[in-house]
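K.L.:
Sequence:
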Amino acid sequence: ANKALTSNKHRNITEAEKEHDCSLILYDFDKTITKIHLYHELHGGEVDELNKISNERLIEIFGGMDRIQRLDKHFKLLTTNNIKLGVLSFGFEKVIETALNRMNLLNY
609 ANKALTSNKH
619 RNITEAEKEH
629 DCSLILYDFD
639 KTITKIHLYH
649 ELHGGEVDEL
659 NKISNERLIE
669 IFGGMDRIQR
679 LDKHFKLLTT
689 NNIKLGVLSF
699 GFEKVIETAL
709 NRMNLLNY
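Under my numbering, the residues of the sequence shown are numbered 609 to 716, in order.
Rather than coming from a laboratory, the hints here were simulated on the basis of the structure.
Every residue, glycine too, gets a C-beta built ideally from N, C-alpha and C.
It cannot be assumed that every hint is accurate.
To be verified - Have a look at the derived ranges for each label pair, beta carbon to beta carbon:
1) E654 / C630: 28 to 36 Å
2) Q677 / H645: 15 to 23 Å
3) K660 / D629: 37 to 45 Å
4) G671 / E701: 16 to 24 Å
5) L634 / R675: 18 to 26 Å
6) H648 / N689: 30 to 38 Å
7) K684 / E664: 33 to 41 Å
8) R710 / L634: 34 to 42 Å
9) K660 / E701: 18 to 26 Å
10) I644 / L693: 30 to 38 Å
11) N663 / Y716: 17 to 25 Å
Can you build the whole structure from these sequences, using the hints too?
P.N.:
In C-alpha cells form, the structure reads like this:
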C-alpha cells in the first residue's frame, strides 16, 4: 500500500503522502528560509537597508546558491501539488518580498 504514484514530473508521491491532505504551509522567514537572520543583518532596517546589501551577500544569507536551488525545487514541488505557501512576519513584508524576489523565489 506504499506504492509510488506519479503525480507530476518533479517527484513521486506515495500512497501514504496522498492520505495526508495539506493545502497550506507557513514558513518562518529568518533562519528557516534564510540561513542567517536577515532582520539582525539589517539591524532592524527596512528595504532601504536591504538594498545596500549586494546580491552576493544576500545569497550567503540564504545559505548559498545550492541551498537557494533546493528551496526553489522544494517550493515548486509543493505548489505543483496545489499546496499554498506563506511566510509569517512581524510587519517586515516588504523586506521579505524584496529578498525573495532578488533570489527569484517570490513567484511561489
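K.L.:
Confirm or reject each hint.
P.N.:
Outcome of the hint check:
Remark: the range hint 28 to 36 Å for E654 to C630 is upheld by a beta-carbon distance near 33 Å. Between Q677 and H645 the CB atoms are about 22 Å apart, so this pair conforms to the stated range of 15 to 23 Å. A hinted range of 37 to 45 Å holds for the C-beta pair K660 and D629, which are about 43 Å apart. Taking the beta carbon of each, G671 and E701 are about 22 Å apart, inside 16 to 24 Å as hinted.
Checking the proposed 18 to 26 Å range against L634 and R675 shows it holds: the Cβ atoms sit about 20 Å from each other. For the hinted restraint 30 to 38 Å between H648 and N689, the CB-CB distance of approximately 33 Å keeps it satisfied. At about 24 Å, the beta-carbon gap between K684 and E664 misses the expected band of 33 to 41 Å. Taken as a hint, the range 34 to 42 Å is violated for the pair R710 and L634, whose Cβ atoms sit roughly 22 Å apart.
At about 19 Å, the beta-carbon gap between K660 and E701 stays in the expected band of 18 to 26 Å. Checked against the given bound of 30 to 38 Å, the beta carbons of I644 and L693, roughly 21 Å apart, lie outside it. The hinted window of 17 to 25 Å between N663 and Y716 holds, with their beta carbons roughly 19 Å apart.
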